[in-house]
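Protein chains in written order, with my numbering: chain A, 1 to 507; chain B, 1 to 196; chain C, 1 to 134.
Since the hints were made in silico from the structure, they are not lab data.
Among these hints, one or two may not hold up.
[Said to hold, decoys possible] Below 30 Å or equal to it, Euclidean Cα-Cα: the simulated DSBU-like pairs (lysine-lysine) are:
1) C:Lys-106 x C:Lys-128
2) A:Lys-102 x C:Lys-128
3) A:Lys-286 x A:Lys-102
4) C:Lys-58 x C:Lys-128
5) A:Lys-234 x A:Lys-293
6) A:Lys-234 x A:Lys-102
7) A:Lys-293 x C:Lys-58
8) A:Lys-293 x A:Lys-102
9) A:Lys-293 x C:Lys-106
10) A:Lys-293 x C:Lys-128
Listed below are the residues making up each chain.
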Amino acid sequence: MDLAPILNGFAVVLEPTNLLYCFLGVVIGMLIGVLPGLGPAATIAVLLPLTFGLEPVTAIIMLAGIFYGAQYGGTITSVLLRLPGEASSVVTVFDGYALAAKGKAGTALGIAAIGSFVGGTVSIVALSLVAPLVAGFALDFGPPEYTALALLGILLVSTGSSGDRVKAVIAAAVGLLLAVVGRDSFTGAERFTFGNLDLADGLDFVPIAMGLFGLGEILYNLEERHRAAQAPSKVANVWPSREDLRQSSGAIGRGSVIGFVLGLLPGGGAVLSSLAAYAIEKRRSKTPERFGKGAVEGVAAPETANNAAATSSFIPLLSLGIPANATMAVIFGALLIQGVTPGPQLVSQEPELFWGVVNSMYIGNILLLILSIPLVGVFVRILRVRATILAPITVLITLVGVYTVRNSVFDIFLVIVFGALGYLMKKLGFDPGPLVLAFVLGALLENNLRRSLLLFDGDPAGFLTRPISGTLFFVFLLVALLPLIQSLVNRQRAARRDAHRDTKELV
Amino acid sequence: MSSAHNGSSHPADPGGHAAAGAPPAEEPEAPGTLHELEEVLHHIEEEDRPPHAGPLANVLVALAVIVLGAAALIGSWRLGVGSPAAPQAGMWPFLISVVLLLLGLALLPLARRTADVERFTRTSWLVLAGLATMVVFAVVIPYIGFEIPAALLTFAWLRLLGREGWRLSVIASLAVVIAFYLIFVVALSVPIPHLF
Amino acid sequence: MTVLAAFVPTPEGEAAFAAGLEEAARRGEDLLLLNSPRGGAPVSADAAPPELVEQLSKRAQAAGVRLDVRQDAHSGDLADEVVRVAEQSDASVIVIGLRRRSPVGKLLMGSTAQRILLDADRPVLAFKPHKGAS
Chain A
1 MDLAPILNGF AVVLEPTNLL YCFLGVVIGM LIGVLPGLGP AATIAVLLPL TFGLEPVTAI
61 IMLAGIFYGA QYGGTITSVL LRLPGEASSV VTVFDGYALA AKGKAGTALG IAAIGSFVGG
121 TVSIVALSLV APLVAGFALD FGPPEYTALA LLGILLVSTG SSGDRVKAVI AAAVGLLLAV
181 VGRDSFTGAE RFTFGNLDLA DGLDFVPIAM GLFGLGEILY NLEERHRAAQ APSKVANVWP
241 SREDLRQSSG AIGRGSVIGF VLGLLPGGGA VLSSLAAYAI EKRRSKTPER FGKGAVEGVA
301 APETANNAAA TSSFIPLLSL GIPANATMAV IFGALLIQGV TPGPQLVSQE PELFWGVVNS
361 MYIGNILLLI LSIPLVGVFV RILRVRATIL APITVLITLV GVYTVRNSVF DIFLVIVFGA
421 LGYLMKKLGF DPGPLVLAFV LGALLENNLR RSLLLFDGDP AGFLTRPISG TLFFVFLLVA
481 LLPLIQSLVN RQRAARRDAH RDTKELV
Chain B
1 MSSAHNGSSH PADPGGHAAA GAPPAEEPEA PGTLHELEEV LHHIEEEDRP PHAGPLANVL
61 VALAVIVLGA AALIGSWRLG VGSPAAPQAG MWPFLISVVL LLLGLALLPL ARRTADVERF
121 TRTSWLVLAG LATMVVFAVV IPYIGFEIPA ALLTFAWLRL LGREGWRLSV IASLAVVIAF
181 YLIFVVALSV PIPHLF
Chain C
1 MTVLAAFVPT PEGEAAFAAG LEEAARRGED LLLLNSPRGG APVSADAAPP ELVEQLSKRA
61 QAAGVRLDVR QDAHSGDLAD EVVRVAEQSD ASVIVIGLRR RSPVGKLLMG STAQRILLDA
121 DRPVLAFKPH KGAS
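From just these sequences and the hints, can you work out the full model?
Listed below in structure tokens is the structure:
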């Protein structure tokens with residue numbers, strides 16, 4: 001394996017600007033992970049205008065830091081307040097808060113920090129090995145493969161999203177439609193522009209992401225009923241004992257693997273991996289009754305897994321150009337803005353960018369370990385800031401920020417419209433994530449589809465004749481029909497169980 | 001906090017003590033399965049939200065999707081669809097519209113069972129008010145710069161939407177505008193319309 | 001009829017509790033302790049931790065007074081909340097602790113005690129913490 005680009009990557013990371021923005025990213029990430037309300041996708045979207053003046057490497061280093069930093073931050077509120085800051089830290093509440101109730105909050109936080117660090121680092125190493133391999137493999141991909149891959153990615157993200165599957169696919173379809181607005185690159189025809197000049201070049205990604213994620217989430221949170229506020233907790237001794245470390249080592253090891261694997265899959269991600277790691281750890285434990293009452297493994301497993309998954313979810317983006325979740329979709333958009341087209345060629349054509357970002361994660365994880373052990377007290381104080389004060393500041397940052405993109409007031413109106421849409425979508429049970437994902441993939445998908453049809457002279461069966469695209473389409477059908485298959489299997493199982501019970505009663 | 005094997009015990013219960021009681025006599029499934037954990041996740045996310053709307057709302061949502069799909073279908077037809085061998089500009093949006101239409105129709109039979117549409121409550125007016133402040137901001141900013149609209153928006157959000165005190169609202173509004181001015185105009189030289 | 005004491009975990013709140021306890025014992029009424037932090041943030045320095053609440057309950061028990069602690073968060077002005085709860089629980093007297101504010105402090109932050117004194121429609125008993133209190 002050629003080590004030169006990897007070493008160059010470290011040289012890139014150690015440049016002062018990049019170190020600064022890495023630090024900035026992980027601090028912001030940890031802050032928003034602590035604060036309930038804004039999530040990493042929303043924050044990255046709101047900060048997109050900031051990335052305009054930065055080098056691509058610097059921008060992505062910061063955005064990536066926000067994403068995996070948020071996984072560290074979410075733990076703090078779970079343990080101290082029984083209040084998960086991020087969805088991927090919900091499971092940590094069970095055993096984390098139990099430990100805190102016993103006065104061992106420091107142990108829980110410490111184990112979580114160490115697990116997160118290990119999980120993240122293991123995942124980065126694995127990423128360094130896997131991503132170039134996948135990218136190399138994918139260099140032979142043609143338009144049909146890309147079409148299948150993009151479709152599969154959109155479907156998997158819709159399947160994995162919270163809420164109704166059908167509605168998530170509807171959101172994705174709307175995203176694809178929005179990508180159509182503008183001039184058709186093949187024929188030059190204007191589609192769905194309604195004669196509006198501002199729409200002739202198509203909808204810009206930045207107002208859509210900022211509106212749907214940023215403003216949409218703030219508006220949605222306006223309706224939240226107030227929880228009871230809690231007294232500030234004192235956190236002492238944030239360092240686990242050797243016994244705790246020994247006990248959780250297995251959980252950390254397994255969590256890293258589970259997190260890495262599940263994070264790879266579009267639609268998998270940090271949330272699913274934290275749930276899966278916890279469930280698996282509990283099942284394999286010889287004393288499962290300890291779980292929920294303060295088992296350190298119950299904290300170590302999900303926290304390791306969610307960080308591993310957050311890191312590995314970069315792989316589809318960096319090696320194939322397919323975002324695995326909503327946050328990756330926003331980072332995809334950020335890359336496009338910078339003039340970088342993500343895809344298999346990224347590893348070979350932009351090695352400084354690729355290895356710069358990947359290697360920055362090592363530094364980022366080290367920084368986060370420092371921040372979450374000695375400096376956790378500082379972050380806990382953030383919890384006293386009221387949402388009512390943060391909200392208008394974020395709104396203004398969004399409105400002013402979107403203006404700076406193209407100096408266009410139309411963009412401000414656009415971001416407001418999408419803010420309203422984001423609010424409505426969340427209110428009505430539609431996940432905005434698949435919409436943004438489908439939007440960024442829309443142009444790519446259509447271009448590849450049309451090119452494929454040209455390749456096949458208009459015969460759609462051509463997709464199935466090629467081995468890779470055929471396999472991908474088969475997987476697509478499998479995933480699409482999975483719920484139907486599942487319900488059939490469940491019904492059969494229930495029927496068999498009833499029959500069994502009846503016979504048992506007769507005996 | 002007892003383990004998550006029954007849906008009734010949820011972590012974010014304020015003031016609840018960690019119940020170390022005996023597990024229920026009969027456990028239907030092994031506790032801590034993925035499915036149960038997902039249920040707990042959904043439960044927590046729903047906790048502070050307004051209640052769910054009835055099936056009528058679900059039907060309306062489905063109808064809205066169908067209408068959107070139909071409109072897009074008509075629009076793409078007008079652009080010209082062509083054939084797979086010779087696709088025209090409207091082919092791709094046509095395909096999407098068909099999928100959208102079918103999915104909208106798929107929502108209808110499930111309308112009675114799904115429970116993820118929230119009711120619009122009195123607090124929903126706050127959202128409308130928030131949107132209104134943003135629209136006013138956007139309308140007014142080319143004429144009088146961003147300072148005054150930003151201060152007014154912040155004040156409105158603090159005082160009206162956040163019910164903070166007069167003093168805090170006024171002081172915070174001024175502080176925010178000054179900070180924005182220093183950061184965006186002075187430090188970053190962003191070409192945003194400004195009065196001062 | 002009940003005595004309403006507005007409480008925060010500070011010397012002033014302490015004074016209000018102690019005075020409220022005495023008053024309730026003297027009148028033979030229950031004591032309603034209102035510890036209402038401002039809602040909107042997960043953590044508030046105004047919220048009394050569970051150990052403190054337990055301590056206060058023990059003291060009330062020792063004094064032979066029935067104690068009811070309310071810790072629901074409020075939005076808006078605390079003075080309004082105190083007056084509202086007073087009316088809702090038909091308090092015979094509102095007991096508050098006084099804090100010395102500089103004129104600038106009063107200008108910037110206002111005075112909850114002043115608002116309660118002016119708005120309440122029932123007697124208000126205001127106490128200063130003992131000198132040398134922790």
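Hint numbers not upheld by this structure, sorted from lowest to highest: Per hint list: 2, 9, 10 violated.
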